[in-house]
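Can you make the complete structure from the sequences, with help from the hints?
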Amino acid sequence: MVLLQDIMDPQEFHQFATQGYFTIHRSDKAWSGIWSDMTIEQTLNRFFGTDLKHGRGVTRSVVSRYLLGMPCAVHVMQALEEYCNLETRNSEQHVDLGKGRKAWDAKDIASFVTWLKGHEPFKVREELISLSTGVVGGVEINCHMAFERGTQAMCHIVGRTYEKVSLSKLYKIKNLDFARTQSQKAMSSTVTVDTSLLFQRLSVAMRGRKELSKSCFDYEMSPVPLSLFDEKGSMRKTDKSQLYKMFTTLSSRAFFEDSQFVVDGGWLLHSLVWPHSKTYRAIFDMYKNFLVQRFGRSVIIVFDGYEDEHIGVKSYERDRRQERNCGVDVEIEPDNLVPLNQRTFLSNVKNKAQFVYHLGQTLATYEGFSFTVIHAKEDADVEIVRTALKTHNELFRHGKSRVIVVGSDVDLLILLIGLTPTSESMYYYKMGQGGKANQLYDTRDHKHLQPFLLFAHAFAGCDTTSCFFGKGKMKLVKLLLQNDSIRALALKFYEPDCLEDELLQCAETITLALYKDKEQSSSLGTFRYNLFSTNLAKAKKETPLECLPPTSPALLQHCKRVYYQIQVWLQHRLDPCLWGWTRQGNILIPIMSEADPAPKELLQKVSCGCQGPCKSKRCNCRKAGLKCNPACKVCRGKSCNNSKRWTATEHHDSETPTTTDACEEDGGQTTVEPDNEDLTEDDETSSSSHDATTDDEEINEGL
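Per full-length UniProt numbering, the sequence shown starts with residue 1, numbered consecutively.
A couple of the hints might just be wrong.
The calculated label-pair distances, taken between Cβ atoms and stated as ranges, are [as the list claims (entries may be wrong)]:
{"id": "1", "residue 1": "Ile-109", "residue 2": "Met-154", "range": "24 to 34 Å"}
{"id": "2", "residue 1": "Lys-390", "residue 2": "Lys-169", "range": "39 to 49 Å"}
{"id": "3", "residue 1": "Gln-42", "residue 2": "Pro-334", "range": "33 to 43 Å"}
{"id": "4", "residue 1": "Gln-571", "residue 2": "Gln-342", "range": "33 to 43 Å"}
{"id": "5", "residue 1": "Thr-279", "residue 2": "Ser-241", "range": "33 to 43 Å"}
Straight line, CA to CA, 27 Å or less: simulated DSS-like cross-link-like pairs of lysine-lysine [claimed, not checked]:
{"id": "6", "residue 1": "Lys-237", "residue 2": "Lys-492"}
{"id": "7", "residue 1": "Lys-245", "residue 2": "Lys-478"}
{"id": "8", "residue 1": "Lys-117", "residue 2": "Lys-102"}
{"id": "9", "residue 1": "Lys-288", "residue 2": "Lys-390"}
{"id": "10", "residue 1": "Lys-278", "residue 2": "Lys-390"}
{"id": "11", "residue 1": "Lys-390", "residue 2": "Lys-237"}
{"id": "12", "residue 1": "Lys-605", "residue 2": "Lys-232"}
{"id": "13", "residue 1": "Lys-377", "residue 2": "Lys-288"}
{"id": "14", "residue 1": "Lys-117", "residue 2": "Lys-390"}
{"id": "15", "residue 1": "Lys-123", "residue 2": "Lys-102"}
{"id": "16", "residue 1": "Lys-627", "residue 2": "Lys-638"}
{"id": "17", "residue 1": "Lys-232", "residue 2": "Lys-518"}
{"id": "18", "residue 1": "Lys-492", "residue 2": "Lys-516"}
{"id": "19", "residue 1": "Lys-492", "residue 2": "Lys-475"}
{"id": "20", "residue 1": "Lys-240", "residue 2": "Lys-117"}
{"id": "21", "residue 1": "Lys-627", "residue 2": "Lys-617"}
{"id": "22", "residue 1": "Lys-240", "residue 2": "Lys-377"}
{"id": "23", "residue 1": "Lys-436", "residue 2": "Lys-214"}
{"id": "24", "residue 1": "Lys-377", "residue 2": "Lys-352"}
{"id": "25", "residue 1": "Lys-172", "residue 2": "Lys-240"}
{"id": "26", "residue 1": "Lys-232", "residue 2": "Lys-245"}
{"id": "27", "residue 1": "Lys-436", "residue 2": "Lys-245"}
{"id": "28", "residue 1": "Lys-605", "residue 2": "Lys-214"}
{"id": "29", "residue 1": "Lys-288", "residue 2": "Lys-278"}
{"id": "30", "residue 1": "Lys-123", "residue 2": "Lys-278"}
{"id": "31", "residue 1": "Lys-478", "residue 2": "Lys-232"}
{"id": "32", "residue 1": "Lys-245", "residue 2": "Lys-278"}
{"id": "33", "residue 1": "Lys-516", "residue 2": "Lys-478"}
{"id": "34", "residue 1": "Lys-492", "residue 2": "Lys-518"}
{"id": "35", "residue 1": "Lys-174", "residue 2": "Lys-617"}
{"id": "36", "residue 1": "Lys-518", "residue 2": "Lys-172"}
Keep in mind that the hints were calculated from the coordinates and are not lab data.
In this text, a Cβ means the ideal position worked out from N, Cα and C, and glycines have one as well.
Written as structure tokens, this is what we have:
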């Protein structure tokens, strides 16, 4: 190789050394090019590669003579091959040219094409989304701002020595992998506030003022009604399945063969485990075989509705369960492979709606079977019960068999008991999960619960109402069974035209009885004060506010939602926005309370001194879960993002803050900081402290 420049033609050597003309081909087939050094080695080892191994008795001199004689022996062997018209060489082949590899490649290409058809990589989308996992990036995903964030970080370290350089996590780029580990909500973002902070500050302000302290318990003393909502502002939920303990089961199932089954579509979707690498048509066949094997050839299936034009109160529960935008949108074709696992696929409401539609269409086309598929407008529970009652009446007129509702949700059994006439029997077949046995229930065995069961279910917490902290459904049911006067008050919620004041009066009496008010307090505020004082004197640790009953304004919104839900079950149409709900985007959000969390004279003592737009957790008012007020030193409750005039839409549509915004939020200094909206508790590693103050020095001293 050293003498190549002297041996080769200058032009050829130039091409060999600088233009890549060093590849040698023994044939015209693909992948046959090799390096020149490798060509020399292959030529020398073609005849000697399998002979004369270095073993015992072979000295270095023998090996040297052997290796030095190889170039001469090669010419002798080539001449011998030409004379004998023979050639010793390997066949020209490649591992990627075999039949097995070709078939494998064809299968992989077909799978990839199917995947591309289902995911549409060139479809215009409003969100940043991972095509493979379906993860949707929220507003905090800023990987496209890598250059800008890097520039900000560089400005932050200019003029500093190595020992003083400290970069905050705020400069870290967040990609889709970050979104995969976070809880994403498309229409709203949950912010956890310190619910006890406001109460602590107000307690200091009320020190030594008994009358003021007593009157303050007419207010929640917290940013949210903690007895009905958690720290994130979500409805508190209870374990509904505990109600199964008060229902008796039937042991005989001999009449199953002569029964008409009405199946809950939501349960049906999750009753089977989808196998991997199957087409939609194959999965539809699995559902058909499952229905025939369990319930016969004539089955009624009722699915939830997912129409965009119909927005009901169930939209909040779906949003709470984070069903929307968890998996990627997939266009369903019966002969296509399912690209996602079952849980991820069904977590996307659009995918679920498509799947339910195609499943219903396919079930209707099977010859020799009578599958009736019904799609509810939104929640299927009421539609299932109505369908079962209607089918029961039709079968009764023709002298035919009974109707059995199939599912796993206790809501179905409660609605069956509450809506079925006491003279008739409807059956509910609860499908066991996790190896538990199936159970059969008869509504006629529980007719003593019918007058108040719907109220107990809604008032103590269902899918569309809150539960009371620490008060399960069984406590309310026992109270209604034992107290005739409380049971009479519950009947008010069944009246079609009932006033809000009447509902609130009944709800306050029931709530006081539920919390065991032995002193017969005149109002909820008085009872809240007495209960807190009693618990504070006996407790060995801090008494949480959620242990107190809700205030009257919060209870009013709760009983309005309860009344609305009961009227919906009774087929009376009401406007949810007039009964404890408000529309936000394409979902309905519960109204927590229309009253202030504390007296105005005390709220004005909690203020901030933010130099910026009050958009981070450093804002004293935002940290306490309050809006800024006129007592705030800079914004005065009017010119910041935390004022009452600042809407959620304006907040979400705001652009990425500039360097000026970041400097203002840092107390007016000229240091370069990124957007403080991205600031989390884990990110506050090197950020400067914020000047959050109050107008009352006594509050600061007490804290």
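For each hint, the structure was consulted:
Ile-109 and Met-154 have their C-beta atoms about 45 Å apart, which leaves the hinted 24 to 34 Å range violated. Lys-390 and Lys-169 have their C-beta atoms about 60 Å apart, which leaves the hinted 39 to 49 Å range violated. In this structure the supplied range 33 to 43 Å is violated for Gln-42 paired with Pro-334, their Cβ-Cβ distance being about 54 Å. A beta carbon spacing of about 34 Å between Gln-571 and Gln-342 agrees with the range 33 to 43 Å that was offered as a hint.
Take Thr-279 and Ser-241: their Cβ atoms lie about 35 Å apart, and the range 33 to 43 Å holds. As the CA atoms of Lys-237 and Lys-492 are separated by approximately 24 Å, the hinted pair is consistent with the 27 Å bound. As the CA atoms of Lys-245 and Lys-478 are separated by approximately 13 Å, the hinted pair is consistent with the 27 Å bound. For the hint pairing Lys-117 with Lys-102, the CA-to-CA distance comes to about 23 Å; that is within 27 Å, so the pair holds.
Restraint check: the Cα-Cα separation between Lys-288 and Lys-390 comes to about 24 Å, which is no more than 27 Å; the hinted pair holds. Using a Cα cut-off of 27 Å, the hinted pair Lys-278 and Lys-390 is violated, with the two alpha carbons roughly 37 Å apart. Of the supplied pair hints, the one linking Lys-390 and Lys-237 is violated, its CA atoms being roughly 32 Å apart against a limit of 27 Å. With a C-alpha separation of about 24 Å, the suggested pairing of Lys-605 with Lys-232 holds against the 27 Å cut-off.
Note on Lys-377 and Lys-288: the hinted pairing holds, with a Cα-Cα distance of about 24 Å set against a maximum of 27 Å. Of the pairs offered as hints, the one joining Lys-117 and Lys-390 is violated, with about 43 Å between alpha carbons and a cut-off of 27 Å exceeded. In summary, the hint linking Lys-123 to Lys-102 is not supported, as the alpha carbons are separated by about 31 Å, beyond the 27 Å threshold. With a C-alpha separation of about 10 Å, the suggested pairing of Lys-627 with Lys-638 holds against the 27 Å cut-off.
With a C-alpha separation of about 33 Å, the suggested pair Lys-232 and Lys-518 falls outside the 27 Å cut-off, and the hint is violated. Using a Cα cut-off of 27 Å, the hinted pair Lys-492 and Lys-516 holds, with the two alpha carbons roughly 21 Å apart. The suggested pairing of Lys-492 with Lys-475 holds, with an alpha-carbon distance near 20 Å, which does not exceed 27 Å. Annotation: proposed proximity of Lys-240 to Lys-117 is violated, straight-line Cα distance about 42 Å (limit 27 Å).
With a C-alpha separation of about 13 Å, the suggested pair Lys-627 and Lys-617 falls inside the 27 Å cut-off, and the hint holds. Of the pairs offered as hints, the one joining Lys-240 and Lys-377 holds, with about 24 Å between alpha carbons and a cut-off of 27 Å not exceeded. Taking the CA atoms of Lys-436 and Lys-214, the gap is near 51 Å; set against the 27 Å cutoff, the hint is violated. Under the criterion of a C-alpha separation no larger than 27 Å, the hint pairing Lys-377 with Lys-352 is consistent with the structure, at around 15 Å.
At roughly 43 Å between alpha-carbon atoms, Lys-172 and Lys-240 are farther apart than 27 Å, so this suggested pair is violated. Pair hint Lys-232 plus Lys-245 does not hold up; C-alpha atoms about 31 Å apart against a cutoff of 27 Å. Restraint check for Lys-436 and Lys-245: satisfied, since their Cα atoms lie roughly 15 Å apart, inside the 27 Å limit. Between Lys-605 and Lys-214, the direct Cα distance comes to roughly 18 Å. Compliance with the 27 Å bound is thereby established for this hinted pair.
Only pairs whose Cα atoms come within 27 Å are accepted, and Lys-288 paired with Lys-278 is accepted, the gap being roughly 15 Å. Distance check on the hinted pair: Lys-123 and Lys-278 sit about 25 Å apart at the alpha-carbon level, within 27 Å; holds. For the hint linking Lys-478 to Lys-232, the alpha-carbon distance of about 31 Å lies beyond 27 Å, and the restraint is violated. Of the pairs offered as hints, the one joining Lys-245 and Lys-278 is violated, with about 40 Å between alpha carbons and a cut-off of 27 Å exceeded.
Distance hint between Lys-516 and Lys-478 is fulfilled; the C-alpha atoms sit about 13 Å from each other, no more than 27 Å. Among the hinted pairs, Lys-492 with Lys-518 is consistent with the structure: their alpha-carbon atoms are about 24 Å apart, no more than 27 Å. About 20 Å separates the Cα atoms of Lys-174 and Lys-617, which keeps this hinted pair within 27 Å; it holds. This hinted pair does not check out: Lys-518 and Lys-172 have alpha carbons roughly 57 Å apart, beyond 27 Å.
Consistency note: the structure conflicts with the earlier hints numbered 1, 2, 3, 10, 11, 14, 15, 17, 20, 23, 25, 26, 31, 32, 36.
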